[in-house]
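If you're matching them up, the sequences are chains A and B in order.
The opening residue of the first sequence carries number 1 in this note's numbering; numbering runs sequentially from there.
The opening residue of the second sequence carries number 1 in this note's numbering; numbering runs sequentially from there.
Treat the hints as calculated values from the structure; they're not laboratory data.
Hints are supplied without guarantee of correctness; some may be wrong.
Taking beta-carbon pairs under 7 Å as the criterion, some of the chain B residues facing chain A (in silico) [unchecked claim]: (1) ASN50; (2) ALA53; (3) GLY79; (4) TYR94; (5) ASP130; (6) GLY140; (7) ILE173; (8) VAL228; (9) PRO232.
Beta carbons: idealized from backbone N, C-alpha and C, even for Gly.
Letter by letter, the chains look like this.
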Amino acid sequence: NSETSNHSFQFEIHFKVVQSPKFNQHQHFKMLSTIARRGRQQLSTSISIRSASTSTLIIAEPTNDASALAPSTLAAITAAQKLHSGPITLMSNQPINPATVPSSISHILNTNQTDSLAETIAASVQQAVAAKSYSHILAPATKFGSNVIPRTAAVLNFSPVMDIIEILSEDTFVRPIYAGNALAKVQSTQDVKVLTVRSTAFEKAEVDGSSASVEDLHVEPQSMTEFISANVSKSNRPELSSANIVISGGRGMKNGENFALLEALADKLDGAVGASRAAVDAGYVPNDLQVGQTGKVVAPDLYIAVGISGAIQHLSGMKDSKTIVAINNDPDAPIMQVADYALCEDLFKAVPELTEKV
Amino acid sequence: MKILVGVKRVVDYAVKVRVGADGVNLKNVKMSLNPFCEIAVEEAVKLKENKAANVSEVVALSVGPKQCQETLRTALAMGCDRGIHISTDLRTDYMELQSDAVAKLFQKVIEEKEKDIHLVLVGKQAIDSDCGQVGPALAGYMSWPQCTFASKVDLDGDGLLVERETDSGTETIKVPKLPAVVTCDLRLNTPRYATLPNIMKAKKKKVDTYKAEEFGVDLEVKNKVLEVYEPPSRKEGILVDDVDTLIDKLRNEASVIQ
């Protein structure tokens, strides 16, 4: 272009200009020309202000086992890779070995905190962004992410986009509303995009080891809340959110003891056990088994809905499953219309038979 | 102790929504009190009925069109003492007025209108926007402690002991000192039905109305909704006659089991 041919540099400068959607080509061009025209001292200042820096901070899901990232964190990393080609930093309260994370991670921040309370995480992120600017801040759309992200965004004065299922560009995402009966294409107008990422919508990033730098982030402990104890459901079965096969029970199970029938089938198929809100409401099973709009969203290869009528709210949590089976003795139950294979039979006969023969 | 309860008017949970040119079509659609807000109201009223809690007043707050007054009357009929309606015709189902603005309006009410709030109870999420942001965002703006997805709330000295739902079970959090924000989850309580006498009494309870604009909060959308569309529909399924057929289909057609 004739404009640049008139400028001569006294020293070589190599810098990567990442096109920001905010500016058109002419504006990028004008910025480069301005930088070139200024003196050396002003030049370094210009670069740090003018270059569109894209960089993502991911808040890792806390795990009991620090040797492996949670599946939801791996899905968030895949999402981060779709946003831009800038660096990805992983923040965790436990030390993470760079060899146990995907190669796309360039930095690891260890906060050395003993809890994952929202106040602690918000303070940690505030510290992280004080040291370095990020264009995107992500967390998985789990109960953890849903707890920490709105507060974290608020203290930074941003409005997050929750539960994104698709990334169209650096600033445009798709998220479900109305229990997933409608999808909204959303464009964030803010300088920093704060997001939670639905784990079932993104592949888990491959753990191929990284050469990430590791840094300790000092965070002042907070005293607004105090973690007392955790009551964790112990199970040898696969984790519900990431299992390939899920067998869920509804009000048709009649009581909590009958869930043993589903557990037997789950054991045979190496699957997880879930439940509808009705079953949780009735006290058959604990809340962390709930699949639905306000429970967990799952998308396994096989979802077997046993004694579940198929309310809108439940469908919202499992309609992305590859194959849906319904076992229900009511042929008019809404779930029978959604299922790929519907078996209209008494579940107390069908489930044991299925367990035996499968 | 003074309690502020957020109540949102949303599409009724049983309605199957339809997507139109301007987003979800809400014309002539049944609207109700958001189920999780209902749980928040119940918890507030239960605390008021607990002498040990020493609750002086429960104030219900709703942001939305004039029909929110009906939503407030439901909350009053369940036992809230007073209502505040922040009136706006902006759509509150994510399309026009979003959670950051709503949380900031709550903040303004606490800082300017109801200066001695000790506890804010809101639902964990609204079933239209499904954001779950207002509670924790408000706690962030106010620098107050937060307990989301509460399944049990107990008084504990000057503060609270809250059991909350997590991805793997539950955990217990101590809030040493109020004020605090608590968001309410499914297992917290079973909301009462408003009795007819209470519905009649509610008509006489005070509801103050303010315009959303008068608080000086930035109501502009930060996350612009460009388009709303229906998700792709699933292929139609089939009825299978027996377990043997089901196993055959799963093994050989769907290939999801060995």
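query: Should the interface hint for GLY140/B be scored as holding, given a Cβ-Cβ cut-off of 7 Å against chain A?
result: Holds, about 3 Å.
field: Restraint outcome when ALA53/B is required to lie within 7 Å of chain A by C-beta distance
entry: Where the cut-off is 7 Å and the nearest Cβ of chain A is about 20 Å from ALA53/B, the hint is violated.
message: Quick check on the hint: TYR94/B CB to chain A CB, less than 7 Å?
response: This hint holds: TYR94/B lies near chain A, its Cβ roughly 5 Å from the closest one there, short of 7 Å.
query: Should the hint that ASP130/B touches chain A count as held when the rule is a Cβ pair under 7 Å?
result: This hint holds: ASP130/B lies near chain A, its Cβ roughly 6 Å from the closest one there, short of 7 Å.
field: Hint check: 7 Å Cβ-Cβ cutoff, VAL228/B to chain A
entry: Holds. Min distance 5 Å.
task: Return the status of the interface hint for GLY79/B: holds when the least beta-carbon distance to chain A is below 7 Å, violated otherwise.
output: Violated - the Cβ of GLY79/B stays beyond 7 Å from chain A, reaching only about 22 Å at its closest.
field: Residue hint PRO232/B, partner chain A, criterion CB-CB below 7 Å
entry: 9 Å, violated
field: ASN50/B as chain A interface residue, shortest Cβ-Cβ below 7 Å
entry: 21 Å, violated
query: With 7 Å as the cut and Cβ atoms as the points, is ILE173/B at the interface with chain A?
result: 5 Å, holds
Comparing the model with each earlier hint shows violations of hints 1, 2, 3, 9; every other hint is respected.
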